[in-house]
Amino acid sequence: MNGFDFERLVVDDVSRHFGRRRALGRVSFTCEAGTVAGLLGPNGAGKSTLLSIIATLAAPTSGQVRYGTASAREAGPAIRARLGSLGHDLYLYPELTARENLEFFGRLYQVADPRARAREALERAGLAERADDAVSGFSRGMRQRLALERALIHEPRLLLLDEPFTGLDDGSAHALVGRLRLLRDARTIVLLTTHDLDIVDGLLDQAVFLRDGRVADVQRPVAGLRERYRQLVAGGGRA
Amino acid sequence: MSDPGSLATFLRVTWLVTRKDLTVEMRSREILYTTTFFAASCVLVFAFSFVRDGRPLDAAAAGILWIAIAFAGTLALGRTFERERVNETLHALMLAPSDRPAVYAGKLAGILVLLGAVEAVLVPLVALLFQAPLFAHPGHLALLLVVGTLGFAAVGTLFAAMLVRARSRDVLLPVLLYPITVPVIIAGVRGTAALIAPDAGGVAAARAWIGMLVFFDAVFVTLALWTFEAVMTE
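Those sequence lines, one after another, are chains V and Y.
For the first sequence, our numbering gives the first residue as 7, with consecutive numbering after it.
For the second sequence, our numbering gives the first residue as 16, with consecutive numbering after it.
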């Protein structure tokens, strides 16, 4: 599986139960390379559970996720080599410096020159001058920028972002939107969850609306995001 | 770039996780200082109880050494995984492009190094306070400590990882860990006693206990590597 890559993410009839509680019920959608897709829905709709399953951190009760032609069961390590993830927690070691964090994850993902890649990533994040400071001293916005670079250090095909705009000021949020547009141009599949509809309106190529663990609608192209969200999710429109 | 599922990748990820854990510990020294202090305090309390008029109870030293190792080990295991829980970095490690048991092996190796450092303080302390000839057979004692600590930490690392998201993990870890590692502790105590008490079998008996510990280690490490991916996938 060395050199494994994929151009399409297929979520096929995925259900997930925790005991008798259903978190996801028969969720299906497809994302192509070069797409920024949003998983939208109220709290408890199953967005984070679905992201965990796509990230191979959780297994579906039934159904499957396919990364091109492979599933996590068939090619877990190879799929994870092409997958970047940024959760609500930022997956950074506060005791390590920004540079050490990036170099550690760069080595973990076998990037060609982890030092050079970390240096470039620090410059992109605007943290070159704080490269050798412990992350514990960073503000939330600085950590978020560093965490995004951590998730991207191995140039993943699939980037999963769980509430990436939380805690960011306007400038940082717009910079993140700009970065996501560049990733789309580089044919990355970006799948994000967010409640900040105003920020992602105009960014998303595809919107998957979830309600009570089920797909309420899939929009592609996306138009009138907030109104559609209100109709389908908040207002209890058609399923 | 080696194949993500290959042995070379497994060993590389193991080494990276171990080195990262030790770097973090060198920055804070939190686990090293607290476990060493805790273990030394245990030995000191036992010394007040079991040493009368300068004479220790027969073979008490072996039991106290291993109890202190078990207590210190439990503390170290809990704290090591608490660090990964606070910032959800365990998720990031689980996303590493290798077989997931490599993360287990890396955490285990880091804990072994930490416990080795604690034992380097504990053994002379027990030898001093209990007048035990622990250094009469240094090679055999070192071997006993290595294989005994490996058996204890192999089970402990798996359980600590499993419990990382459990609310009552601090209580559950010792409750689950001690019953399963009783054979390791008993073999460690009897093997050490054989080395320091003339009537407890000597080097031949210690070798037999070392052999038993190697068997436990093989079973525990194999089971842990085999089950780690399944227990860590939600």
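Bear in mind the hints are in silico, worked out from the structure with no lab data behind them.
Note that beta-carbon positions come from the ideal geometry of N, C-alpha and C, so glycine has one too.
Misleading hints may appear alongside valid ones.
[Unchecked claim] Partner residues are not named here, just some residues of chain Y that face chain V (Cβ under 8 Å, in silico):
hint, residue
1, 23
2, 43
3, 47
4, 49
5, 103
6, 106
7, 107
8, 109
9, 110
10, 112
11, 116
12, 179
13, 180
14, 248
[Said to hold, decoys possible] Which stretches of chain V does chain Y cover? Using the computed rule of at least three CB atoms under 8 Å from a CB of chain Y, they are:
hint, segment
15, 61-67
16, 102-113
[To be verified] Pairwise CB distance ranges (calculated):
hint, chain 1, residue 1, chain 2, residue 2, range
17, Y, 128, V, 193, 38 to 44 Å
18, Y, 244, V, 184, 34 to 40 Å
19, V, 68, Y, 82, 45 to 51 Å
20, Y, 44, V, 237, 54 to 60 Å
21, Y, 230, V, 80, 32 to 38 Å
We went through each hint and held it up to the structure:
Taken as an interface hint, residue 23 (chain Y) does not check out: its beta carbon lies about 10 Å from the nearest beta carbon of chain V, beyond 8 Å. Satisfaction of the interface hint for residue 43 (chain Y) is found here, the shortest Cβ-Cβ separation to chain V being roughly 6 Å, below the 8 Å cut-off. Annotation: residue 47 (chain Y) was flagged as interfacial toward chain V, and the flag is violated, the nearest CB pair being 13 Å apart, outside 8 Å. The closest approach between the C-beta of residue 49 (chain Y) and any C-beta of chain V is roughly 15 Å, which is over the 8 Å cut-off, so the hint fails.
A least Cβ separation of about 4 Å between residue 103 (chain Y) and chain V falls short of the 8 Å threshold, and the interface hint therefore holds. Interface restraint check for residue 106 (chain Y): the shortest CB-CB distance to chain V comes to about 6 Å, inside 8 Å, so the restraint holds. The criterion of a C-beta within 8 Å of any C-beta in chain V is met by residue 107 (chain Y), whose closest approach is roughly 4 Å, and the hint holds. With its C-beta approaching chain V no nearer than about 6 Å, residue 109 (chain Y) sits inside the 8 Å limit, and its interface hint holds.
Interface hint status for residue 110 (chain Y): upheld, as the beta-carbon distance to the closest one in chain V is roughly 5 Å, under 8 Å. The interface hint given for residue 112 (chain Y) holds, since its Cβ lies 3 Å from the closest Cβ of chain V, which is under the 8 Å cut-off. Because the beta carbon of residue 116 (chain Y) sits about 11 Å from the nearest beta carbon in chain V, more than 8 Å, this interface hint is broken. This hint is violated: residue 179 (chain Y) has a C-beta 13 Å from the nearest C-beta of chain V, more than the 8 Å allowed.
Given hint, residue 180 (chain Y) at the interface with chain V, is violated; its Cβ is 11 Å from that chain's nearest Cβ, farther than 8 Å. For residue 248 (chain Y), the interface hint holds, since its Cβ comes within 8 Å of a Cβ in chain V; the closest pair sits about 5 Å apart. As drawn, the segment 61-67 of chain V meets chain Y at 5 residues by the rule of a beta-carbon pair under 8 Å; at three or more, the given contact holds. Three residues within the 8 Å Cβ limit are the bar, and the segment 102-113 of chain V against chain Y gives 5, so the coverage statement holds.
For the pair residue 128 (chain Y) and residue 193 (chain V), the beta carbons lie near 43 Å from each other, so the given range of 38 to 44 Å is met. Taken as a hint, the range 34 to 40 Å holds for the pair residue 244 (chain Y) and residue 184 (chain V), whose Cβ atoms sit roughly 38 Å apart. A hinted range of 45 to 51 Å holds for the C-beta pair residue 68 (chain V) and residue 82 (chain Y), which are about 48 Å apart. Residue 44 (chain Y) and residue 237 (chain V) have their C-beta atoms about 57 Å apart, which keeps the hinted 54 to 60 Å range intact.
With their beta carbons about 35 Å apart, residue 230 (chain Y) and residue 80 (chain V) fall inside the hinted range of 32 to 38 Å.
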